[in-house]
Each structure stands twice: as structure tokens, then as C-alpha cells.
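J.: Sequence:
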Amino acid sequence: MNLPASPKNRTINPSVLVKDLESLDVKQREKARRTLAALGNSALPELTKALANPTEWVRWEAAMSLALTANPESVPNLVVALEDSSPSVRLAAIEALTAIGRPAIPELVKAVKQKPNSSTLRQGARRVLRTLKMRGKLAPKDPSNIS
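Numbered according to the numbering used here, the sequence shown spans residues 1 to 147.
There's no promise every hint is true.
Once the Cα atoms are required to be at most 27 Å apart in a straight line, the calculated BS3-like pairs of lysine-lysine come out as [claimed, not checked]: (1) K115 to K49; (2) K137 to K113; (3) K110 to K133; (4) K133 to K113.
Keep in mind the hints are simulated off the structure, nothing from the lab.
I would like the entire structure built from these sequences, with the hints used as guidance.
T.: Printed below as a string of C-alpha cells:
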């Protein structure tokens with residue numbers, strides 16, 4: 001006898017949920033985003049791939065899901081997303097990096113040093129650091145001023 005699929009007797013496939021991020025249905029995308037965030041580390045590889053999706057809203061949804069997970073392992077991909085062609089994706093990456101907090105700082109500083117002429121990267125890093133500082137999450141010795 002086959003049991004019907006239920007949350008107790010099936011596993012959720014992150015790649016299927018990432019496909020749902022491509023949906024035209026906003027509610028379906030939101031549900032997929034939240035479910036992916038709830039999956040945590042198991043969804044991380046699929047979410048980081050989705051940050052490079054050609055569709056803007058898929059990249060935004062992926063970044064917002066990563067903001068909900070606040071997993072430091074996603075920092076390198078989110079730093080790359082600070083230079084996305086879409087301002088909304090850049091803002092979502094800023095939100096995700098801010099949610100991750102202090103563990104994001106070394107990668108931000110490294111990226112700015114490697115690409116000193118990237119104004120979008122500098123602006124994004126500055127916003128993350130400024131927000132962390134305003135929320136009291138930076139100690140006085142932290143690099144809170146990137147030019």
C-alpha cells in the first residue's frame with residue numbers, strides 16, 4: 001500500500017522549490033522562499049545558484065530567502081550580488097548580509113579591496129556596515145568606515 005505524500009513521509013527537494021521561485025504567482029514564490037529558508041543548509045546550494053538566475057525576481061527571492069536563513073556560508077555569493085544589475089537584488093543582498101551580521105564583514109572588506117573601483121560594491125558594503133553599526137552590532141574596533 002502506498003501512503004500519500006505528506007510532510008512526515010517525504011523529503012522536500014530544494015531544487016523543486018527554487019523552480020517555484022520562477023512562478024508568476026507571487027504567493028507561490030513567497031511560500032517557496034519561506035520553505036527554502038526553513039530548510040536551512042540543505043537549500044543553500046540551490047539558493048546560491050538561484051542568485052545567478054537570469055530572471056530578476058528569482059535572484060531577489062533567492063537573496064531574501066538567504067536573508068531569512070542568515071547563513072554565513074552564503075556571504076561570498078551575496079557579496080557578488082551587491083553588484084547585480086538590478087537595484088532590488090542589490091538591496092536584497094544588503095538585507096541578507098545585514099541579517100548575517102559580523103561574519104559578513106571580512107568578505108565585504110576583502111571584496112572592496114579587490115575591486116576598489118566598483119562603486120556599487122562599495123555602496124553596498126557601506127550600507128551593510130552602516131546598518132550593523134546603527135543596530136549596535138559593530139564594536140568600536142570593527143571596520144565601520146569603508147570609503
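J.: Please go over all the hints and tell whether each is borne out by the structure.
T.: We went through each hint and held it up to the structure:
1. As the CA atoms of K115 and K49 are separated by approximately 22 Å, the hinted pair is consistent with the 27 Å bound.
2. Under the criterion of a C-alpha separation no larger than 27 Å, the hint pairing K137 with K113 is consistent with the structure, at around 22 Å.
3. For the hint linking K110 to K133, the alpha-carbon distance of about 19 Å falls within 27 Å, and the restraint holds.
4. Restraint check for K133 and K113: the C-alpha separation of about 20 Å stays at or below 27 Å, so the hint holds.
Every hint, counting from the list given before, is met by this structure.
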